[in-house]
Amino acid sequence: MSTNLKAESPAGAAAQKGSGDEGGLGGLIIDGMRRNMRQYGMLFALGLIVILFEVWTGGDLLLPRNVSNLVLQNSYILILAIGMMIVIIAGHIDLSVGSITAFTGALAAVLMVTHHWSWPVAAIAVLVVGALAGAMQGFFIAYLGIPSFIVTLAGMLLFRGLTEIFLKGQTLGPFPEGLQKVANGFLPEVGPDTNYHNLTMLLGLGLIALVVWQEVRDRKRQQEYALDVLPAKLFALKLTALVAAVLVFTLLLASYKGAPVVLIVLAVLLVAFGYVMRNAVIGRHVYAIGGNLPAAKLSGVRDKKVTFAVFLNMGMLAALAGLVFAARFNAASPKAGVNFELEAIAASFIGGASMSGGVGTVLGAIIGGTVLGVLNNGMNLVGVGTDWQQVIKGLVLLAAVGFDVWNKRKVGS
Amino acid sequence: MAGPVLEMRSIVKTFPGVKALADVSLSVRAGEVHAVCGENGAGKSTLMKVLSGVHPHGSYEGEILFEGEPCRFKDIGASEKRGIVIIHQELALVPYLSLAENIFLGNEHATRGVISWGETLKHATDLLRRVGLNEHPQTRVADIGVGKQQLVEIAKALSKEVKLLILDEPTAALNDEDSGKLLDLILELKGQGITSIIISHKLNEIARVADSVTVIRDGHSIETLDVKAAETTEERIIRAMVGRDLDHRFPERTPHPQDLAAAPALEIRDWTVFHPIDQQRKVVDSVSLNVRRGEIVGIAGLMGAGRTELAMSVFGRAYGKYAGGSVLKDGTEIRTRTVPEAVGHGIAYVTEDRKHYGLNLIDSINRNISLSALRKVARRGVVDEHEERKVSEGFRKSMNIKAPNVSEPVGRLSGGNQQKVVLSKWIFAGPDVLILDEPTRGIDVGAKYEIYTVIDQLAAEGKAVVFISSELPELLGMCDRIYTMSAGRLTGEVPRAEATQEVLMRHMTKDKR
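Line by line, the protein sequences give chains A and B. Using the UniProt record's numbering, the letters of the first sequence map in sequence onto residues 1 to 413. Using the UniProt record's numbering, the letters of the second sequence map in sequence onto residues 1 to 513.
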């Protein structure tokens, strides 16, 4: 039996052999980039965009105050993008998140401003209502089999209308100070007076340690299983780049008012959802139903429950975004959150999601959202009008997805 | 017979890192039916893609002569213009367009962009008659069976003034009857002067229609044999395909000692299922059967007999509308209303359609294997990737899955290796009863043997195996008992000792109504 069953020569092994021994560091970088285009392509593009606007704005983009602003301005889109990425991986779409953001913001205002609920209680109530809104849509999608596009299109109209009814067409504010501090504020300062924000620095350094530990551990594990790993030189370079990026970001934030509270919220969401999607059983099941629904069903995956949970989660994240957004502008408005769903969807696709589902990462959504955020902010600083901003964002979305498709075709054929 | 109409000389085709074709030469005489066979991954499909211009001139080495002239096709259109038409394994028809529209798709009878329907229908009717398909040209493709769809593909090829017809495993999805018709049609077209190249795994088909056969192995053309010659036996072709003698096409089986007093591992009683859409139609009609531990029980039947429907409806009612019947496991009745329930009771169903129902093609070997029993490698809802990898590495070695590592996407594997992944997945789930639906469909002889060995091992370990297959020799070679089905009903139960192809076929074609 065994005589003729030699393994087919794999593409990976051949490519790896080529990269290890020839060419200097430059060659290594190019080769590594080429082989990990999906992972690094967007990160690289983000870097380019940052540098471009940094030069274009004469250094204004990376001023400490502006970096802080950038985080605050984009936090709610990034929160939505995390949920949207998961929805898209599951093979669905959610058009209602902008309306749910507005609806939950309005609800928060009614509870806190009109009825004077204490803000933490009201916030929890709002999150629950958001989850219920998502669950309702999830029910129609998962258990009644109505396409998500239709259900959430209906939801988009429905919740937008309810928002206007709720607010009677008026804006409602201001919000209690406590909530504003969370949505708009910064971490408290501790310890002696250095020129930097101490707590932020500590967190930043902690993060660096974590990143280095994680990367080294991953690499070791991959080597154990004889998987392709980056060549040592390239790995060192990648690690240095990562550490440098985190350090610069930390220093920028710490030399202004410190890390915004929402940044911490975002980081927690990123880590938690990243972990769930990668390591939890339910995360795997999301990828499975998005990749091949019939096969997942026949493998015993409870596809309906998973789909339901994905939309419930999206609703809750939309409510969180609604709270953050309303508190940041200190008022709930019937026109809040218009087009947020499209921004979140764009962020997901720029960040590597696939229209047919089954592909994408939570980190990708964050990167995609950041690309859009930096574009917005940079173009504002330079003074590009909103008309041209939309044109440029549209082109970037097209280019990002086009590049991805082109790159996949090149590798695949 | 005439000289060569097609000559492919020393074709070399390299994909990044893989040499798909190392050195293949093929010479086809005018007016013959030429079979190309070889194990999966041998390079047959790549060769045909080179010939038809899917891989354009310049992306391969070597030369192609058609009717004595060198060919440099830059795309499929260019090869079709010369009369070379390829029909792919996966049919390329648009389901919601009519037969006529499909036949002339991309080649419409039109003046200045406006379709002339009269002419289209007239020509379509002629072509359909030529391929022996008695359907109205305005019927939608979705409304006719796969066998007829294959004929529509051929009609489409004929509309392009085909001189050389290439069929890539044309009967893979067809039942015996439709296969027979298709093969007859190929012979008829041969009578009309159309040369055909047919890629096939089925040696009896080759013997029936082909004049010569070229065997390809590992990207090399091994030899071309005259099918009609006396020394060209099935064994001879198989030997060329696998590069070794295959004395035994099935592993030696010693029937498991049976405790007939004990209850069967799985028993199905009076199982009845209605069609999911047409709820008047009984697809499975009060079927009762059982399988014991250590036993391999076959289910034979022609297409439409209801075998897959029976299996899938028992497995968590994954098909049709349940209308009665019970399932007993070790003598006690169990509920199998959902797939997780069925899996929970130790039942596994390995689908006949691995690409649609078995695998997530864009995901890795690793994650496909663990999917049906993720909780076995997870603690409190969190997957232990270490453990998961260890498990799937184990399967890669024990099942001889040919892949550099378990992170390889399943979509890149050959059919046989994909099937091994599906099997691994269900073996990992640790079932007592395995229902295998056409486990060797579309895979090569070598991999088939490996899969038979695995099935035999499973039975030897005391698992109960239900083996659904359209290939009678395989049922005869592997099963202890064989049930036959026809039109949704059980029509026979034949013990191993009495089973022959003739006996089974008689039961399979019996109409009990």
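Since the hints were derived computationally from the structure, they do not count as laboratory data. It is possible that some hints are incorrect.
[Unchecked claim] Output of the computed footprint for chain A on chain B, the stretches with three or more beta carbons under 8 Å from beta carbons of chain A:
id, stretch
1, 361 to 369
2, 479 to 485
[Said to hold, decoys possible] Below 27 Å or equal to it, Euclidean Cα-Cα: the simulated DSS-like pairs (lysine-lysine) are:
id, chain 1, residue 1, chain 2, residue 2
3, A, K233, A, K257
4, B, K355, B, K402
5, A, K304, B, K74
6, B, K81, A, K297
7, B, K202, B, K190
8, B, K402, A, K220
9, B, K181, B, K202
10, B, K510, B, K282
11, A, K297, B, K321
12, B, K228, B, K202
13, B, K355, B, K321
14, A, K304, B, K321
15, B, K122, A, K305
16, B, K282, A, K305
17, B, K81, B, K163
18, B, K74, B, K181
19, A, K304, B, K397
20, B, K74, A, K297
21, A, K220, B, K390
22, A, K305, B, K190
23, B, K282, B, K19
24, B, K397, B, K321
25, B, K355, A, K297
26, B, K228, A, K220
27, B, K122, B, K202
28, B, K181, B, K510
29, B, K202, B, K74
30, B, K390, B, K402
31, A, K220, B, K376
32, B, K510, B, K202
33, B, K376, B, K202
34, A, K297, B, K181
35, A, K297, B, K390
36, B, K190, B, K81
37, B, K397, B, K376
The beta-carbon is built from N, C-alpha and C at its ideal position, and this holds for glycine as well.
Checked hints:
1. For a cut-off of 8 Å, the count of residues in the stretch 361 to 369 of chain B with a CB near a CB of chain A stands at 4, and the three-residue condition holds.
2. Counting residues of the stretch 479 to 485 of chain B whose beta carbon lies closer than 8 Å to any beta carbon of chain A gives 0, which falls short of the minimum of three for the stated coverage.
3. Distance hint between K233 of chain A and K257 of chain A is unfulfilled; the C-alpha atoms sit about 37 Å from each other, more than 27 Å.
4. At most 27 Å may separate the alpha-carbon atoms for a hinted pair to count; K355 of chain B and K402 of chain B meet this at roughly 18 Å.
5. The hinted pair formed by K304 of chain A and K74 of chain B fails the criterion: a straight-line CA distance of about 47 Å is larger than 27 Å.
6. At most 27 Å may separate the alpha-carbon atoms for a hinted pair to count; K81 of chain B and K297 of chain A exceed this at roughly 45 Å.
7. Under the criterion of a C-alpha separation no larger than 27 Å, the hint pairing K202 of chain B with K190 of chain B is consistent with the structure, at around 20 Å.
8. Between K402 of chain B and K220 of chain A the alpha-carbon distance is near 25 Å, which keeps this suggested pair within the 27 Å criterion.
9. Note on K181 of chain B and K202 of chain B: the hinted pairing holds, with a Cα-Cα distance of about 15 Å set against a maximum of 27 Å.
10. Restraint check for K510 of chain B and K282 of chain B: satisfied, since their Cα atoms lie roughly 17 Å apart, inside the 27 Å limit.
11. Taken as a hint, the K297 of chain A and K321 of chain B pair is honoured in the structure, with Cα atoms around 17 Å apart against an allowance of 27 Å.
12. Simply put, K228 of chain B and K202 of chain B have alpha-carbon atoms about 16 Å apart, close enough for the 27 Å limit, and the pair holds.
13. The straight-line distance between the Cα atoms of K355 of chain B and K321 of chain B is roughly 24 Å, inside the 27 Å bound, and the hint therefore holds.
14. Taking the CA atoms of K304 of chain A and K321 of chain B, the gap is about 19 Å. The hint holds against a cut of 27 Å.
15. Restraint check for K122 of chain B and K305 of chain A: the C-alpha separation of about 52 Å exceeds 27 Å, so the hint is violated.
16. For the given pair, K282 of chain B sits about 31 Å from K305 of chain A by alpha-carbon distance, which is inconsistent with the 27 Å threshold.
17. Restraint check for K81 of chain B and K163 of chain B: the C-alpha separation of about 10 Å stays at or below 27 Å, so the hint holds.
18. Between K74 of chain B and K181 of chain B the CA atoms are separated by roughly 34 Å; this puts the pair beyond 27 Å, and the hint is violated.
19. Proposed proximity of K304 of chain A and K397 of chain B is contradicted: the alpha carbons are some 35 Å apart, above 27 Å.
20. Between K74 of chain B and K297 of chain A the alpha-carbon distance is near 42 Å, which puts this suggested pair outside the 27 Å criterion.
21. A threshold of 27 Å between alpha carbons decides the hint, and for K220 of chain A with K390 of chain B the separation of about 15 Å falls inside it, so the pair holds.
22. Proposed proximity of K305 of chain A and K190 of chain B is contradicted: the alpha carbons are some 56 Å apart, above 27 Å.
23. With a CA separation close to 50 Å, the supplied pair K282 of chain B and K19 of chain B exceeds the 27 Å bound.
24. Under the criterion of a C-alpha separation no larger than 27 Å, the hint pairing K397 of chain B with K321 of chain B is inconsistent with the structure, at around 40 Å.
25. In summary, the hint linking K355 of chain B to K297 of chain A is supported, as the alpha carbons are separated by about 14 Å, within the 27 Å threshold.
26. For the suggested pair K228 of chain B and K220 of chain A, the alpha carbons sit about 60 Å apart, so the restraint of at most 27 Å is broken.
27. With a C-alpha separation of about 36 Å, the suggested pairing of K122 of chain B with K202 of chain B is violated against the 27 Å cut-off.
28. Restraint check: the Cα-Cα separation between K181 of chain B and K510 of chain B comes to about 20 Å, which is no more than 27 Å; the hinted pair holds.
29. Of the pairs offered as hints, the one joining K202 of chain B and K74 of chain B is violated, with about 32 Å between alpha carbons and a cut-off of 27 Å exceeded.
30. For the given pair, K390 of chain B sits about 17 Å from K402 of chain B by alpha-carbon distance, which is consistent with the 27 Å threshold.
31. Taking the CA atoms of K220 of chain A and K376 of chain B, the gap is near 24 Å; set against the 27 Å cutoff, the hint holds.
32. Taking the CA atoms of K510 of chain B and K202 of chain B, the gap is near 25 Å; set against the 27 Å cutoff, the hint holds.
33. Our distance criterion of 27 Å between C-alpha atoms is broken by K376 of chain B and K202 of chain B, whose separation comes to about 39 Å.
34. Under the criterion of a C-alpha separation no larger than 27 Å, the hint pairing K297 of chain A with K181 of chain B is inconsistent with the structure, at around 36 Å.
35. This hinted pair checks out: K297 of chain A and K390 of chain B have alpha carbons roughly 25 Å apart, not beyond 27 Å.
36. Restraint check for K190 of chain B and K81 of chain B: satisfied, since their Cα atoms lie roughly 20 Å apart, inside the 27 Å limit.
37. Among the hinted pairs, K397 of chain B with K376 of chain B is consistent with the structure: their alpha-carbon atoms are about 20 Å apart, no more than 27 Å.
Hint violations for this structure: numbers 2, 3, 5, 6, 15, 16, 18, 19, 20, 22, 23, 24, 26, 27, 29, 33, 34, all remaining hints satisfied.
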